[in-house]
Amino acid sequence: MDTKRYIQIITSAFFGLCLMLSTAYAQQTITGQVVDVNDEPLAGATVIVDGTDRGASTDVDGQFTLQASPDETLIVRFVGYQSQEILVGDQTEFTITLRVDDQLLDDVVVIGYGVQERSDLTGSIASVSGDQIANQPVASLDGALQGRASGVFVSTPSGTPGAGITMNIRGQTSISGSSEPLYVIDGVPIISEDLSGLFSGGQATNSLADLNPNDIESIEILKDASATAIYGSRGANGVVLISTKRGEAGQSNIGFSMYTGFQQVTNKIDMHSSQEFLELMNDAARQDNRDLGTDYSDTHVSDIWGFDPNDDNLQNTVWYDEIFRTAPISNYELNASGGTESTRYFTSLSYFDQEGTQLGTGFERISGRLNLDTEVTDWLDFGANVTLNRTLQDRVINDNSLYGVVINSLAGDPLMPVFEEDGSYADPFSYFGWWMLDNPVLIAEEYQRFTNTTRGIGTVFGVASISDQLAFRTSLNIDYTSLEDEAYTPIISRESQDAQRNGFGNFGTTQDFTWLIENYLSYSNTFGDRHNVNGVLGTSFQQSNRDFSSINAQGFPSDQFLKLSVASQVTSASTSGTSWGLASYFFRGNYTFDDRYLFTVTGRLDGSSRFGENFRYGFFPSGSFAWRMTNESFMQNQTIFSELKPRISYGITGNQDGIGNFASRGLFGVSDYRATPTLVPTQLSNANLTWESTKQLDVGIDIGLFDDRINMSADYFVKNTEDLLLNRLIPGISGFSSVTDNIGRVENRGFEFDVRGVILAESDFSWTSSFNISFIRNEVKELEVNNQVLSDSHILAEGEPIGTFYLIDHEGVDPETGNMLWIDENEDGVIDSGDRRIVGNAQPDFYGGFGNNFTYRGFDLNVLFQFTYGNDVFNHSRASYENLGWSRIGIPGIFPLPDGNNHSLADDRWMEPGDVTDIPRASLTNKNWREYSTRWLEDGSYLRLKTLTLGYNFSPDFTQRLGMRSMRIYTQGQNLLTFTNYTGLDPEVNQNARNPLLAGSDFGTLPQSRTISFGINLEF
Amino acid sequence: MKKLSIILLLTALIVAITSCDVLDTEPQTSLDPEAALVDAASAQAVLLGAYSRMQVGSYYGIEYTLNNDLVADNAQMLGFFDSQLEIDSGNVPISNLWIGNAWVNIYRVVNIANQLIDAVPDIEDEAFTTRDRVLGEAHAIRALAYFDLLRVFGEHFDTSSNFGMPLLLEPIENNDFNLIPDLNRSSVTDTYAQIMDDLNIALQLMGDGYVDNERLSYWSTLALRARVNLYRQDYAAAFDDADRVIEESPYTLVEDVNDLFGADITSTTSESIFDLVFNDQDQSSYYTFVFQRNEYRTDSSLLDAFEDGDERGALFIGDNDRSAKWANSDNANNARILRLGEMYLIRSEAAVYREATPVPALGTDDLNVIRNRAGLGDLDPLATEEEYIDALLQERRVELNFEGHRFFDLVRFDRIGDVLGRDDFRKVFPIPRDELLASDNLEQNPNYPEP
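From first to last, the protein sequence lines are chains X and W. Note that the first sequence covers residues 0 to 1019 in numbering that gives the first Met the number 0. Note that the second sequence covers residues 0 to 450 in numbering that gives the first Met the number 0.
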């Protein structure tokens, strides 16, 4: 010890002695050392005296010195470690050991309107921590939730950057209404639907992509009625509670993280080369000779077209290579957090840039956030959360649109080049594939479609502690979105040329302003040491106003312009608007007896402007009970179970989303004739229109083993949704084919299982693992009109689930003739849409995820597999690239014009009598081709290596020499491997995202990307 | 401190109570029905609304017209959609999309007419001087809608048949869908009787001073009655009506066929009796599907049907011989529902058949008028009824192609077997599947399946 130190100690001791002698509780000098479990000193830890401004940081040796009196408490904190609180008492020297914060589950769980200890939960809630989803190369947070929680089915219907994602919690509950859950961020239920007016062939924009996933501290997914009923009329589809990061007292933290990587499509389809294309066409002619008695030559088609199949210099365009590319993705983030006991802050700024794997797509976002908590007086806290974001989505038309990029590439003629020799775009009408309407590279590069969104979500709240047991919280929240769509169809496009117009331009805006005021009292007290009571009582009012505008113009001087002022003619301009409101009153009561028997009761009364006058208000109650068996006397002497909590809950929640804001009223709308405005009836009224209500029973158990080393939970649930909002078929003599009514019943029943455990925890190696699986069966129980045909491929029928396929069926290929054995369902001698029948559905038998986390010294490895099994997919795209030579137009004998090329699987087709295969013979006729048939119905089961992350944490010694607190580098892969029998681009895709009635249909949809990225996280 | 928290509580409560009006939201682009038929101006707006509803794609926006040529031998479909491919093939399943839409949309026009007929006599408005005319026009509109329904879904060619249309003649009470009556199909005779009744009342109320060839005014209604009488085989009445229209109405034949149809012909001509108006702000879909999407193509048998020298043979343009009648690229060509040319053809047929035994010679003059206008010489004398029918069908085909007549003509003369190779029961389209599911009393047409 040096002299300075010596003097310090003597002086402090002297003063300390004086103080000690003067008053019994006078402050004295406290010294100590903070170490970890291996006795290594922790430098830079914070030691605070609770309730005061006194504090210190530990030095390089982990030592600290403070003034504190014996009745005060020290709070010791260090990032990444569990905090400790120590009463000073008689001690003046301390050795404080901090444990790494490797808890699998946080003790405190965010629930609706409050927080609760995990051990006190009576409902079914899944938690995902922010770390699990941080720094994943996805645009929005819901994309990172796949495979992480049981009962939560997330599917990415398209690889389009910034596209909407489908999430269903415990099955699809609604047919016409939305089945998407309610998203609540820091207490604010936010807009999560697509606000864009641009037609993009079925892919919605994702307004959750407006938010930065790295701001998230934790996500709680509320699944059963007991947890969701407090959200009443919007809780039927489950609730996703998102909490963003907040500052903590003591330590200031500055973090910088970035990742950058590249993406490619997970899958491309192998197509025939030009030579193989010509050979197949010639084979088609020969096969027809055998089967139909025609008399074509051996090289019939290639002769007519003027090509020699043996020519080595044939143009051979591989269309998927032309439209897909390797695309970069990167993210930069800077955040700072910290504060004192009285004021704490978290602030972040980030920039995300993702180019799409298909030409012409991309997504960019700038996002900023400030979360503030402050204690104004000792009984009043204030706080504010503000986030401001700007996104830019570069889009194309895709999926089920004539002018989509992938759609037009599906059966792309390999004999057609992308560009002619003079540099102009090749015109598909000069070549032989009939399917392609316009050059897909032209569509991707020359069409312009942008959606810009500015989004702000802000909350100001105050919490007043009226007494030790009673607190009052009030908050004002605003969710504001301003969205602009801009689109331009170029002069050189087929669309423009067919319409004889020099280009079309479109501009539209959507502005949504939603405010929410919530006030509630919360009460917490313990009586007689055994009776614990908590209560919440509050009100909530919300209103949303939405305004739209749209302008269309045509006639541009050249393709360089996007703005409409240069257009020669404005063809339409209009504005419109709508609004809705919600008024609610809610309460929750918890009663715990002796920490063993837990009871919860909630109720919420909701009134919505969307519903008929007679049924505007709905009441949504729930009740649940849990038994903490581990606190019983007979469980005290065992060491196996650290938690054994069976629970049961029952409740009613509602759904009002997905219908129009004025669906209950008879309405006259405005149209025009001869430039005079007219009034036309647009809707019949239904004064009885009301909420869908879901009754859910949940029986579950939470188990902790070996001191919470292993945690399991299992749930069995039955959800009955009645009063389904559905388009009810009415007699058309009324002038309307349907009206929105509450009819129909859907049931979801299932079993969920979650387990996570620490398998190994040595000093320098650890392994934790988690697994979840869900079996959910969905069934439409009752419809007003059974067997409603919804589209060319889907039907809604009692006894079948939502998303049932209705297609022409077959019995395979006749080995003698190579022709399809279609089933003539209605026995009328003709195979057409009247022969469709129920053939399968898009619902999985089970789905889940399997994750493992390994750490070895500074390294960590995280692996997540995700799987879905038993769902069918209608591979509509395949109908075009397995045409086997059929000439859709043109005359087979004289000038054949097939849809285009075929995929390599066409090599498995029937060639001669005796062949046994499931692909029929090639033909110039359409005998064996039906667009809406089970020839294209495939198994969509898959197992995917969803995420693989390998990282390294540099040791504190090393980082401190650089002036940093911690440094981590990592590499990450997303969607690295997919195991599936599906022959299309991606078994998860869905042309109609968020429309469960048309689920499981793949038609020119962009597949997801395989991403490899490298990143670094720094903390100062 | 306690004081402050109490104040906070009170503020919050006040805020809470005053926020109760969040539930009172009003639609910004629609009206409640109570506000819709209250005075002269709104009655006029609702009346015009009927025409707006005639403009929909499945009605006169394109499909009612062109699907007629498609199901017959004038047009062929080279597009994607099953709905039109099925119609082109002639095998229309009960699940066909167009018949489902057409049923509902045409009945919407009936619904509007019913509301007017019910409400207009009771509207209190001193400024409502055109009350009779509005009421009359509503009747005429209802007649047109029922006639159009009957021709597609009912056995309009057989007055002894029971397969007419369900006749709804009153508005839905309270707009409440629970109060939609479950009607049986009326007989064909009763359906015609209702149509005639509506037409007669209309003519009486409107008076011949009401002249407007863009709406169902006096002469339009009279011309419509001529057509209805022809279909229901009351040839004497058909002759009288067609004759009056030709001789007494203000309309005259356009002299040059090229001034009758084309990309530039976007407003009414001197020959238009009733045009449904479209313009570039209020577009139809004819150009889109015939030219831009290239789907409704001209059948080669039609192109071959023109005699040498027939100027109408040139009314097909471009590499793909598409009908010039719909060539305006803003979809601004009017839909020609009734025109003077058709009146001549009606008068010809009525003249021949109003005698006890058909007299072909009586019909040749009017056929020649149409032929001469198109640059052709007179017909050779027609000796037999067969020859007359051939000449009539030929003339109707080359004159009225792509205007929604061909299939009905073949049906009326019982020729779908010979010309189209179809079974008899396919003279009518099936009742849509959804309608049969939603009603208990509605009966399907013979030989078509139940759902």
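There may be inaccurate statements among the hints.
[As the list claims (entries may be wrong)] Residues from chain W shown here face chain X by an in silico Cβ test under 10 Å; the list is partial: (1) V21; (2) L77; (3) F79; (4) E85; (5) L96; (6) T128; (7) I171; (8) D181; (9) N199; (10) Q203; (11) S284.
[Said to hold, decoys possible] Sample of chain W residues at the chain X side, in silico, Cβ under 7 Å: (12) L22; (13) A44; (14) V103; (15) N110; (16) P165; (17) E434.
Hint data in this document are derived by calculation from the structure and do not stem from the laboratory. Note that beta-carbon positions come from the ideal geometry of N, C-alpha and C, so glycine has one too.
Now the hints, each set against the structure:
1. Interface restraint check for V21(W): the shortest CB-CB distance to chain X comes to about 3 Å, inside 10 Å, so the restraint holds.
2. Hint on L77(W) holds. Least Cβ distance to chain X is approximately 5 Å, under the 10 Å limit.
3. Hint status for F79(W): holds, given a least beta-carbon distance of 8 Å to chain X, under 10 Å.
4. Hint on E85(W) holds. Least Cβ distance to chain X is approximately 7 Å, under the 10 Å limit.
5. Proximity of L96(W) to chain X holds as hinted, the smallest CB-CB distance being about 9 Å (cut-off 10 Å).
6. A hinted interface residue such as T128(W) counts as satisfied when its beta carbon comes closer than 10 Å to some beta carbon of chain X; here the least separation is about 18 Å, so the hint is violated.
7. Here the hint on I171(W) is kept, as its CB sits about 6 Å from the closest CB of chain X, short of 10 Å.
8. Satisfaction of the interface hint for D181(W) is found here, the shortest Cβ-Cβ separation to chain X being roughly 7 Å, below the 10 Å cut-off.
9. The closest approach between the C-beta of N199(W) and any C-beta of chain X is roughly 23 Å, which is over the 10 Å cut-off, so the hint fails.
10. Interface hint status for Q203(W): violated, as the beta-carbon distance to the closest one in chain X is roughly 25 Å, over 10 Å.
11. Restraint check, S284(W) versus chain X: the minimum CB separation of about 12 Å is more than 10 Å; hint violated.
12. Among the interface hints, the one on L22(W) holds; its C-beta lies about 5 Å from the nearest C-beta in chain X, closer than the 7 Å criterion.
13. Given the 7 Å rule on beta carbons, the hint for A44(W) holds: about 4 Å separates it from the nearest Cβ of chain X.
14. About 4 Å separates the beta-carbon of V103(W) from the nearest beta-carbon of chain X, less than 7 Å, and the hint is met.
15. About 3 Å separates the beta-carbon of N110(W) from the nearest beta-carbon of chain X, less than 7 Å, and the hint is met.
16. Hint status for P165(W): holds, given a least beta-carbon distance of 6 Å to chain X, under 7 Å.
17. With a least beta-carbon distance of about 5 Å to chain X, the hint placing E434(W) at the interface is held under the 7 Å criterion.
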